[in-house]
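S.K.: If you want the building blocks of each chain, they are given just below.
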Amino acid sequence: MGQMSVLENTMSLLEVKNLKVHFPVKHGMFSRVHEFVKAVDDVSFAIEPGETLGLVGESGCGKTTLGRAIVRLVEPTAGRVLLSGEDITQMNGSVLRTRRRKFQMIFQDPYGSLNPRMTVEQIVGEALDIHKLTDSKSARQKRITELLKAVGLDAVYAQRYPHEFSGGQRQRIGIARALAVEPELIICDEPVSALDVSVQAQIINLLQDLQQQRGIAYLFIAHDLAVVEHISRRVMVMYLGKIVETADARTIIREPQHPYTQALISAIPEVDPESKRQRIILPGDVPSPIHPPSGCPFHPRCPIAQLPKCQEEFPEFREVAKNHFTSCHFAGTKIEASRNPARREAV
Amino acid sequence: MNLLEIKNLKMDFGKNADALRAVDGVSLTIGTGETVCLVGESGCGKTVTALSIARLVPTPPANYVGGEILLNGRDVLKMSNGELRSIRGGVVSYVFQEPGASLNPVFRIGNQIKESLKLHRPEKATNDEVIRLLKLVGIPAPESRIKNYPFEMSGGMQQRVMIAMALASEPKLLVADEPTTALDVTIQAQILDLLGELKQRLGMAILLITHNLGIVGDMADRVAVMYAGQIVELSPAKELLRRPLHPYTRALMASVPKLHGTAERLSAIPGNVPRIGNFPPGCRFAPRCPIAKPECSDKIPELVEVEAGRWVRCPFWKTP
Numbered sequence: 016m017g018q019m020s021v022l023e024n025t026m027s028l029l030e031v032k033n034l035k036v037h038f039p040v041k042h043g044m045f046s047r048v049h050e051f052v053k054a055v056d057d058v059s060f061a062i063e064p065g066e067t068l069g070l071v072g073e074s075g076c077g078k079t080t081l082g083r084a085i086v087r088l089v090e091p092t093a094g095r096v097l098l099s100g101e102d103i104t105q106m107n108g109s110v111l112r113t114r115r116r117k118f119q120m121i122f123q124d125p126y127g128s129l130n131p132r133m134t135v136e137q138i139v140g141e142a143l144d145i146h147k148l149t150d151s152k153s154a155r156q157k158r159i160t161e162l163l164k165a166v167g168l169d170a171v172y173a174q175r176y177p178h179e180f181s182g183g184q185r186q187r188i189g190i191a192r193a194l195a196v197e198p199e200l201i202i203c204d205e206p207v208s209a210l211d212v213s214v215q216a217q218i219i220n221l222l223q224d225l226q227q228q229r230g231i232a233y234l235f236i237a238h239d240l241a242v243v244e245h246i247s248r249r250v251m252v253m254y255l256g257k258i259v260e261t262a263d264a265r266t267i268i269r270e271p272q273h274p275y276t277q278a279l280i281s282a283i284p285e286v287d288p289e290s291k292r293q294r295i296i297l298p299g300d301v302p303s304p305i306h307p308p309s310g311c312p313f314h315p316r317c318p319i320a321q322l323p324k325c326q327e328e329f330p331e332f333r334e335v336a337k338n339h340f341t342s343c344h345f346a347g348t349k350i351e352a353s354r355n356p357a358r359r360e361a362v
Numbered sequence: 018m019n020l021l022e023i024k025n026l027k028m029d030f031g032k033n034a035d036a037l038r039a040v041d042g043v044s045l046t047i048g049t050g051e052t053v054c055l056v057g058e059s060g061c062g063k064t065v066t067a068l069s070i071a072r073l074v075p076t077p078p079a080n081y082v083g084g085e086i087l088l089n090g091r092d093v094l095k096m097s098n099g100e101l102r103s104i105r106g107g108v109v110s111y112v113f114q115e116p117g118a119s120l121n122p123v124f125r126i127g128n129q130i131k132e133s134l135k136l137h138r139p140e141k142a143t144n145d146e147v148i149r150l151l152k153l154v155g156i157p158a159p160e161s162r163i164k165n166y167p168f169e170m171s172g173g174m175q176q177r178v179m180i181a182m183a184l185a186s187e188p189k190l191l192v193a194d195e196p197t198t199a200l201d202v203t204i205q206a207q208i209l210d211l212l213g214e215l216k217q218r219l220g221m222a223i224l225l226i227t228h229n230l231g232i233v234g235d236m237a238d239r240v241a242v243m244y245a246g247q248i249v250e251l252s253p254a255k256e257l258l259r260r261p262l263h264p265y266t267r268a269l270m271a272s273v274p275k276l277h278g279t280a281e282r283l284s285a286i287p288g289n290v291p292r293i294g295n296f297p298p299g300c301r302f303a304p305r306c307p308i309a310k311p312e313c314s315d316k317i318p319e320l321v322e323v324e325a326g327r328w329v330r331c332p333f334w335k336t337p
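One line per chain: the protein sequences are D and X, in this order. Count along the first sequence starting at 1, add 15, and that's the number in my numbering. Count along the second sequence starting at 1, add 17, and that's the number in my numbering.
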């Protein structure tokens, strides 16, 4: 994956190099570690200042762990995370705390990620206090009002508690808390999937507005490809701990090269009643990340897999078109959109 | 005669001064073999409406204050407990959102399916019939799977077991309440494909509850859109998706990002979904509606048939 590393003179905001997060699995009465869940396995990518990188995948593919490992909410097993050229995997204590000003996180569940015993003012103000960003009480007050306004909340809400707000408003509070320290990068972990459909668009628009005004970069993690395509410049698709395809948002939707991406796109139910598109139905479930399949991890579900090659050889992550990377021996082969290929016999 | 006729159903939670109206004048019919989608956001009353069909909402706290639910011509709201027992899981079967929470964790899945058979088709309560049902819902190697406990199966497989259990009684109506919301998109596609195929093979009617308009296009013959306890639009599915009429349906469809979409910005609906007990006066969508007029807050508009088969609860639906 050396070809992806960025030239020396143009420094990316975030560079993730060969990141691995392996969780030990304990078995037996002496709790010895026999096996590992390879939640994130050798992932590399970069984010430029002010851009949005989308990350999609099904549950259990490791996308949340990847986001958390970048901000070091879980410890990476190996690899490097460079933020403006500084390796944050080696930092700890107060150094890490000061660097955390640069990267913040917005969580999926706006109900679980706000302390129910704190008022909005305390929630947003806590970030200001930790980083000592305001020197007087009135400046703190003013800053909190500003932040609430920026996310579309009235300042009178400052004295209220999270339970008094709807889901969408709570997500706004979470965004205000992240903005308080003026970050350069926000990891958004499924920020809209817990919200009502009519409220999702409000939050997506808010995130886009804030990006334009403040030049914040996002790593936008979601399972909804349509949302990710809308908000992102580039998109990564993750399967069983590995990135299987990366390209421009438009390109990846229009010309997906990896069979998994093709299936993922075709599985999205479409609103357009004239659509002639046929669903590609993948057989089976996502395999266990403890014992990932040999060779290409997708081959047991892949409609175009050719044995024994796909079973034995791991497909290199390679550039198949300009800025379009994928990891498949037969990249670009279109899947015949038949009904379920593994259709059961009639009963 | 329609298989199901809900007429002007009104249901409160609580009584007298504390009563909160959850379902307010819902009328809906489902014909034999028809698929109807009930679409709405959280708290709009779609789930309690669906649960009411087999009177599964406990009373109290629920309190039916008006209307009738005719299942094969008989009013469910007037049935005795014995009759209710025979229709629950008999004529009407349910599949819920979270298969993991709906299955009993301490019984093997084969026995759980057999339990449904014992109740509704006792002469067929055999392992062979259970295996046939599991095959029908596409579970591989059902002979060995019947000994599994629910935790040994994935979410998609658990949902297939739930569907097999619902089919055990050969229901006339299958009510599926957000059956794929907890599942991944590739698994969702499998389950929707299965439901569509089963419907054709078994000729049962399906009431599918969802908040996902994409699913409507794939599955439904007709669709009812609910907002704040009322149906605001009722229409053949294809026509609704092609040309939504009610301002809420229009706004909802415009606010969802589409694949291959070109919009730089989504047209969001301002404000929040009103909570039960806090419904605005007059038209309930008026405070968030882009074409609302002052008189919209005066009284609740009627659900009117504006074109053949298309019902809309908005007098200004022609306003672009």
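Please note that the accuracy of each hint is not assured.
Claimed, not checked - Where chain D lies over chain X, by a calculated footprint (3+ residues, C-beta under 8 angstroms):
# : stretch
1 : 77-87
2 : 142-149
3 : 194-205
4 : 272-280
As the list claims (entries may be wrong) - Some, not all, of what chain X presents toward chain D, calculated at C-beta under 8 angstroms:
#  : residue
5  : Glu58
6  : Ser59
7  : Glu169
8  : Gly213
9  : Leu215
10 : Gln217
11 : Leu269
If you are wondering where the hints come from, they were derived from the structure by calculation, not from laboratory data. Beta carbons: idealized from backbone N, C-alpha and C, even for Gly.
S.K.: Mind listing which of the numbered hints don't hold for this structure, in increasing order?
M.R.: Hint check: 1, 2, 7, 8, 9, 10 fail, others pass.
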